[in-house]
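Colleague: Knowing the structure of chain D, use the given hints to seat chain Y on it.
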Amino acid sequence: GENVEQHPSTLSVQEGDSAVIKCTYSDSASNYFPWYKQELGKRPQLIIDIRSNVGEKKDQRIAVTLNKTAKHFSLHITETQPEDSAVYFCAASRGDSWGKLQFGAGTQVVVTP
Amino acid sequence: EAGVAQSPRYKIIEKRQSVAFWCNPISGHATLYWYQQILGQGPKLLIQFQNNGVVDDSQLPKDRFSAERLKGVDSTLKIQPAKLEDSAVYLCASSLGKTQQFFGPGTRLTVL
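For the record, the sequence lines run as chains D and Y.
Residue numbers for the first sequence follow this note's numbering, so the first one is 5 and each next one is one higher.
Residue numbers for the second sequence follow this note's numbering, so the first one is 216 and each next one is one higher.
Don't take each hint at face value.
Subject to a maximum C-alpha distance of 30 Å in a straight line, what follows is the list of computed DSBU-like cross-link-like pairs (lysine-lysine) [as the list claims (entries may be wrong)]:
1) D:K104 with Y:K293
2) Y:K313 with D:K104
3) D:K72 with Y:K259
4) D:K61 with Y:K313
5) Y:K277 with D:K46
6) Y:K298 with Y:K230
7) Y:K226 with D:K104
8) Y:K313 with D:K26
9) D:K104 with D:K75
10) D:K46 with Y:K298
11) Y:K313 with D:K72
12) D:K26 with Y:K259
13) Y:K293 with D:K46
14) D:K41 with Y:K226
15) D:K75 with Y:K313
16) Y:K313 with D:K62
17) Y:K230 with D:K46
Read the hints as simulated data drawn from the structure, not as lab findings.
For clarity, every value in this text was computed on a predicted model and none was experimentally measured.
Only chain D is shown next, with the shape it has when bound in the complex (with noise of 0.2 Å):
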């Protein structure tokens, strides 16, 4: 099945910097690639997601970039704010089983002011 690993585990940020998180997946079928933040006790929200047929995507700060070949993708935040701190999860799904995410063991973001 599919595999899909995240780093680094931690990351600290001063404010106004950037962040980029990596994630790897095994899978070549995998064609959907989400990634959701999770504050402190909270719910995972969905921040961005891209399909395999789209090399880039970016929404305001937030971006995330696929590589096929090297089965890779990541997730980048520039103008860091205190607010991006939280754990940053990414996963991966293939067409035929698409709701089956299999989720990368997550990032905790600290952005320090």
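Modeller: Chain Y in isolation, oriented as in the chain D frame:
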């Protein structure tokens, strides 16, 4: 639009006891998911329903876990008997077909 509702929010039981969790998805969402999130890990899918039918339960420990969605709306997840390693947050999510999954607030289960 109301979000995914779950109850209870917290539950503490002793090992070998039984427990049940309830989920009410977003109105109109045909697909419902139950995830287990152990502290420090990402959510792991336990079971996926499409209306009242099971799409995937390959990661559900069927010797102790069961789930149902009888009328294609609400769902319950049961653990019987519970083990210490079942301590986790149980998240319910729903989606409108092949789209974004919306998560509920979760039920935090502690097994003593």
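Colleague: Tell me if the straight-line CA distance from D:K104 to Y:K293 falls inside 30 Å.
Modeller: The given pair, whose Cα atoms are some 20 Å apart, holds under the 30 Å limit.
Colleague: Check the hint pairing Y:K313 with D:K62 against an upper bound of 30 Å on the C-alpha distance.
Modeller: holds, 21 Å
Colleague: Please verify whether Y:K226 and D:K104 have alpha carbons no more than 30 Å apart.
Modeller: holds, 27 Å
Colleague: Given the hinted pair Y:K313 and D:K72, is their alpha-carbon gap at most 30 Å?
Modeller: holds, 21 Å
Colleague: Would you mind confirming whether the straight-line C-alpha gap from Y:K230 to D:K46 stays at or under 30 Å?
Modeller: Status holds; Cα separation ~26 Å.
Colleague: Are the Cα positions of Y:K293 and D:K46 separated by 30 Å at most?
Modeller: holds, 22 Å
Colleague: If you draw a straight line from the CA of D:K46 to the CA of Y:K298, is it 30 Å or shorter?
Modeller: holds, 25 Å
Colleague: Would the pair D:K26 and Y:K259 pass a check requiring their Cα atoms to be no farther apart than 30 Å?
Modeller: With Cα atoms ~19 Å apart, D:K26 and Y:K259 stay inside 30 Å; holds.
Colleague: Can you confirm whether the C-alpha distance between Y:K313 and D:K104 stays at or below 30 Å?
Modeller: holds, 11 Å
Colleague: Straight-line Cα separation of D:K41 and Y:K226 no greater than 30 Å?
Modeller: holds, 24 Å
Colleague: Against the 30 Å threshold, does the CA-CA distance of Y:K298 and Y:K230 hold or violate the hint?
Modeller: holds, 5 Å
Colleague: Are the Cα atoms of Y:K313 and D:K26 separated by 30 Å or less?
Modeller: holds, 24 Å
Of the numbered hints stated above, none is contradicted by the structure.
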